[in-house]
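Trainee: Given next are the chains, with one letter for each unit.
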Amino acid sequence: MVDLAQISGIWFGAALNIFIWSLVFKENRFYRFAEYTFIALSAAHFSVLGVKSILTIGWIPLSTGKISYIIPFIFGFLLYTRFSEYWRWLSHWPIAILVGVGIGLGIRGAIDIQIIKQIRATMKLAVFANPMEAFNNILFVIMLISVVSYFIFTFAQEGTLGKGYNYLYRLGRLALMAGFGIALGNTVAVRLALFTSRWIFLIKDFLGIG
Amino acid sequence: MTKKETTLKDWINVTVILQILICLAVAIPIAVPIGLPVPITEYTRNVYNIVESIEPGSVVLFTNEVSAGGWGEMASPTTAVMQHLFKRPVKIVFVEFFEDSPILTEMALDKIDKGDKVYGVDYVHLGFVPGYGTAVAMFAKSVWTAFPVDYHGTPLEELPLMADIEDASDFEIQIEAQTVPAVGPVDMLQHIHSPYEVPFVVIATAVAAPGHMAYVESGDISGITIGVKGGAEYEILIKRLGAGAATMDAMSISHLLLIIVLIVGNIIYFTKRRGP
Amino acid sequence: MSFIKSKTIPLVITVIVAIFMLLEYYFPVPGIKSTAKTIRDWAVIIAAFALGLGAANLLRIHSLNIQRRTTGIWPFSIWLIFMLLLFFVVGVTLSIEHTAYKWIYQNGYLVLYASVFSLISFYVITSFYRAMSIRSIETSILIVCAIFAMLKNTPAAVAFWPGFETIGTWLLDVPNASVHRAAILTAAIGSIALSIRVLMGRERAQLAE
Amino acid sequence: MFQRIAELITLLIFGFVMFYEFNRASSSASMPSIRRLPALDAIKEGVGRAVEMGRPVHHSMGQGQLTRNAEQTLVSASVLEYVAGLTASLGADLIVTVRHPEVLPVAQEIVRESYLGAGKPEAYETKMVRYLSSTQWSYVAGVMGIMQREKVAANILIGAFFADCILFAEAGSRVGAIQIGGTAGFGGNLAFLAVCCDYCLYGEEIYAARAYLTKDVFQIGGIRAQDICKLLMTGLIIVGLLLYNYSDWLYVLLSM
Chain A
1 MVDLAQISGI WFGAALNIFI WSLVFKENRF YRFAEYTFIA LSAAHFSVLG VKSILTIGWI
61 PLSTGKISYI IPFIFGFLLY TRFSEYWRWL SHWPIAILVG VGIGLGIRGA IDIQIIKQIR
121 ATMKLAVFAN PMEAFNNILF VIMLISVVSY FIFTFAQEGT LGKGYNYLYR LGRLALMAGF
181 GIALGNTVAV RLALFTSRWI FLIKDFLGIG
Chain B
1 MTKKETTLKD WINVTVILQI LICLAVAIPI AVPIGLPVPI TEYTRNVYNI VESIEPGSVV
61 LFTNEVSAGG WGEMASPTTA VMQHLFKRPV KIVFVEFFED SPILTEMALD KIDKGDKVYG
121 VDYVHLGFVP GYGTAVAMFA KSVWTAFPVD YHGTPLEELP LMADIEDASD FEIQIEAQTV
181 PAVGPVDMLQ HIHSPYEVPF VVIATAVAAP GHMAYVESGD ISGITIGVKG GAEYEILIKR
241 LGAGAATMDA MSISHLLLII VLIVGNIIYF TKRRGP
Chain C
1 MSFIKSKTIP LVITVIVAIF MLLEYYFPVP GIKSTAKTIR DWAVIIAAFA LGLGAANLLR
61 IHSLNIQRRT TGIWPFSIWL IFMLLLFFVV GVTLSIEHTA YKWIYQNGYL VLYASVFSLI
121 SFYVITSFYR AMSIRSIETS ILIVCAIFAM LKNTPAAVAF WPGFETIGTW LLDVPNASVH
181 RAAILTAAIG SIALSIRVLM GRERAQLAE
Chain D
1 MFQRIAELIT LLIFGFVMFY EFNRASSSAS MPSIRRLPAL DAIKEGVGRA VEMGRPVHHS
61 MGQGQLTRNA EQTLVSASVL EYVAGLTASL GADLIVTVRH PEVLPVAQEI VRESYLGAGK
121 PEAYETKMVR YLSSTQWSYV AGVMGIMQRE KVAANILIGA FFADCILFAE AGSRVGAIQI
181 GGTAGFGGNL AFLAVCCDYC LYGEEIYAAR AYLTKDVFQI GGIRAQDICK LLMTGLIIVG
241 LLLYNYSDWL YVLLSM
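Quick note, the sequences are listed as chains A, B, C and D, same order.
Sequential numbering from 1 applies to the first sequence in our numbering.
Sequential numbering from 1 applies to the second sequence in our numbering.
Sequential numbering from 1 applies to the third sequence in our numbering.
Sequential numbering from 1 applies to the fourth sequence in our numbering.
For the record, the hints were derived by calculation from the structure and aren't laboratory data.
Even glycine gets a Cβ: it sits at the ideal position worked out from N, Cα and C.
Be aware that one or more of the hints could be misleading.
[To be verified] DSS-like, lysine-lysine: derived pairs with alpha carbons at most 25 Å apart:
| id | chain 1 | residue 1 | chain 2 | residue 2 |
| --- | --- | --- | --- | --- |
| 1 | C | Lys37 | A | Lys52 |
| 2 | A | Lys52 | C | Lys102 |
| 3 | B | Lys239 | A | Lys66 |
| 4 | A | Lys52 | A | Lys66 |
| 5 | B | Lys141 | A | Lys204 |
| 6 | A | Lys66 | C | Lys33 |
[To be verified] Restraint-style ranges between C-beta atoms, simulated for each label pair:
| id | chain 1 | residue 1 | chain 2 | residue 2 | range |
| --- | --- | --- | --- | --- | --- |
| 7 | C | Arg68 | D | Leu231 | 51 to 59 Å |
| 8 | B | Glu157 | D | Glu150 | 51 to 59 Å |
| 9 | B | Glu157 | C | Ile4 | 31 to 39 Å |
Given only the sequences and the hints, what does the whole structure look like? Please build it.
Mentor: And the structure:
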């Protein structure tokens with residue numbers, strides 16, 4: 001049995017895939033077609049999800065008597081005051097709520113995991129263990145401090161202290177480059193993996209080889 | 001409009017040749033498998049051992065935050081770890097915090113051999129809850145508030161497995177597959193691992209792995225598999241070859257090509273600079 | 001009137017909301033917790049309303065394209081508007097579980113998603129060939145580290161000499177973890193400092209000031 | 001609970017240092033200068049080049065939202081203020097692309113006010129700020145299309161970027177644009193941005209952007225406060241490391 005929906009889907013998908021890849025040669029009409037299709041589909045998909053979440057998170061509690069949920073609806077509509085020259089200042093208010101939530105959550109999330117835990121873990125490195133481990137740990141700490149010093153912006157770079165700082169700064173730059181290199185090399189694997197999976201789709205599903 | 005004459009020479013330049021080369025390096029090994037060897041790394045073996053040593057009868061939380069685009073890389077390790085869990089006498093709860101992921105979990109569940117495990121008793125798929133990090137916090141505090149019904153619309157009261165589960169402390173271990181920036185290990189560490197002390201294993205992409213290493217080193221992440229290579233290794237460990245093993249030839253050859261290009265590119269640069 | 005219109009009120013709103021988010025975390029008293037949760041729900045709803053602004057902007061720019069007959073683009077703009085409305089109407093009226101919606105989602109959206117993502121591979125190789133703009137000892141370190149990291153990910157190379165695995169893992173565990181930890185720490189400080197500046201009203205980019 | 005208290009104390013110390021430095025900035029006449037950040041100097045050069053070539057400047061608001069990665073989105077907004085000010089006064093075309101719809105009104109407002117501020121409200125056009133749908137990769141597809149069709153002369157990518165940055169940067173280099181990148185997220189993505197862009201801000205450097213561009217004493221005070229926090233942290237690490245390795249009771253305390 002040949003499933004028409006599936007076959008047509010694979011052909012449609014393969015065509016779009018090749019249209020997108022044609023960009024590597026030159027921007028062309030086929031790419032433009034695929035690009036605009038993608039933007040339309042994704043904007044529509046998210047609008048559908050948006051309508052759904054307005055209904056489930058907002059409308060259902062409101063209709064079951066949680067009067068306070070009228071507020072987000074009002075603020076939501078205030079976003080649209082920006083189309084009126086006279087009322088546009090009101091559109092800052094909903095944005096202010098969003099920024100408040102983002103800033104609050106950002107501060108909250110950063111301190112424990114990104115600062116305290118990291119400092120604690122660094123303090124717990126054994127510096128006097130067996131030679132190999134000690135070497136690794138000391139290198140770890142030196143690189144860490146040098147990279148931190150690379151990110152110091154306002155201290156004067158003169159005098160003996162400034163000279164010392166300059167060495168650290170340069171070491172920090174080198175360490176940063178080493179980190180970039182390692183991350184770059186590792187990133188390549190995932191990019192290729194994704195690429196490989198597209199080829200599996202094109203070769204195995206579309207062409208039927210292998 | 002004047003039409004510009006395009007000659008063959010305009011088309012064939014270094015860029016195009018390189019791009020054709022990378023396509024060939026990937027496409028040929030897929031069409032014609034070579035069977036280059038795949039050694040197993042310590043990280044993958046460690047995760048295998050962790051899964052192997054989960055207490056029988058305990059409940060595992062499996063969170064999936066893989067995006068549709070990331071599934072190409074993550075299908076293999078995610079499916080392999082799931083398959084391993086299904087082989088062990090443990091119960092599994094699947095949850096997603098990213099909108100693309102529920103479909104992908106279902107796709108993986110369709111592919112694996114479930115043995116004698118029964119839906120609702122041995123494993124449950126709860127589905128997606130919107131809100132990213134916020135949703136993780138809500139889920140950790142009360143699983144039942146976050147999910148009144150499961151992915152298929154069944155009320156949780158009708159699922160015997162869910163009777164024992166109230167908050168995140170009821171899970172023995174958490175395993176997470178993640179590719180999206182929106183939600184991931186940092187949220188899990190913050191809302192589940194750190195307050196409820198649930199051990200945490202990550203199935204990571206190769207690009208995200210270096211970023212997680214600081215947490216692995218500090219012990220917050222107990223185990224990590226890295227990218228499609230980790231998946232291929234895991235498939236070998238559980239003796240069930242799949243998508244990961246098939247891509248390894250392509251990975252080897254394309255990596256070698258890139259290394260050669262990087263070296264040659266630099267040599268050309270230096271000789272050019274030395275020259276007149 | 002000028003006070004209401006001024007940018008003080010939005011700032012006050014931001015500060016109050018942010019303080020609730022923080023209070024919820026540091027002083028988890030039931031009343032505060034439920035208020036904070038309600039505010040977060042509001043934020044989700046407001047963000048969903050913003051989707052309408054996005055769609056309006058798309059429609060406006062593309063109908064301008066059609067009106068002005070922008071060369072080479074306007075037929076595509078018609079297609080974009082058509083697809084946008086079609087997919088939206090199907091999604092809202094027939095639900096996203098419907099076969100028609102799923103077909104276009106899987107064969108259109110997901111394929112495009114993965115195709116664009118995988119375009120990276122083409123650019124990785126060209127960027128490697130051209131390599132870096134900063135030419136010095138720094139670049140050499142970068143390239144050598146990148147090569148060893150890649151060798152670790154090449155199964156055939158590791159099978160040829162297991163030492164590649166050891167070197168790659170050491171690079172990942174020691175220099176990489178160290179640099180990353182430093183970067184995490186400093187970026188966290190930067191972001192907290194920026195957040196505090198926003199709360200003090202010193203950083204008001206969101207209010208266009 | 002103990003952990004939360006430690007977090008709160010850390011936050012209060014930060015807040016105190018910030019507050020102290022702000023106060024000092026308002027009272028003292030001479031503030032320290034910030035180390036040079038070539039990437040931010042290059043923006044002016046990029047816009048100037050765009051004017052000469054008669055081609056547009058592209059500024060991306062990044063992949064961040066207002067509720068997630070808010071800090072990086074605000075940094076991008078700060079840089080946009082500067083960029084829009086330059087394009088308005090020098091007369092270059094500007095294209096701002098936006099991924100998340102809630103960022104759209106922010107970007108529109110900034111561009112509009114910048115053109116008003118430069119006394120050229122008539123130069124502001126609707127199509128300067130463009131929303132390109134909420135998915136990461138459809139946004140990328142749209143931006144690449146725009147860059148190649150409109151042949152941008154400068155490409156400013158400062159904000160939250162992920163795997164996408166190599167595509168932006170390579171598409172930009174195809175049309176010969178000056179590329180200025182920067183993101184706080186670390187890892188392979190920033191590495192690619194660093195490799196592909198002409199100028200790049202690494203990690204925390206982006207948070208200094210506003211202070212650097214405005215040269216405002218308060219902002220510089222803020223950066224100074226950041227530096228002090230970093231020094232405190234480094235000191236803490238060294239002291240902790242020594243105590244942990246030398247003294248038994250702290251070993252027990254830290255191992256808890």
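Trainee: The structure should be examined with respect to each hint, and the outcome stated for every one.
Mentor: Hint by hint, here is what the structure shows:
The straight-line distance between the Cα atoms of C/Lys37 and A/Lys52 is roughly 19 Å, inside the 25 Å bound, and the hint therefore holds. About 16 Å separates the Cα atoms of A/Lys52 and C/Lys102, which keeps this hinted pair within 25 Å; it holds. A distance of roughly 55 Å separates the Cα atoms of B/Lys239 and A/Lys66; the hinted pair therefore is violated under the 25 Å criterion. Distance check on the hinted pair: A/Lys52 and A/Lys66 sit about 18 Å apart at the alpha-carbon level, within 25 Å; holds.
Annotation: proposed proximity of B/Lys141 to A/Lys204 is violated, straight-line Cα distance about 45 Å (limit 25 Å). At most 25 Å may separate the alpha-carbon atoms for a hinted pair to count; A/Lys66 and C/Lys33 meet this at roughly 17 Å. At about 57 Å, the CB distance of C/Arg68 to D/Leu231 agrees with the hint of 51 to 59 Å. Taken as a hint, the range 51 to 59 Å holds for the pair B/Glu157 and D/Glu150, whose Cβ atoms sit roughly 58 Å apart.
The beta-carbon spacing between B/Glu157 and C/Ile4, approximately 51 Å, falls outside the hinted interval of 31 to 39 Å.
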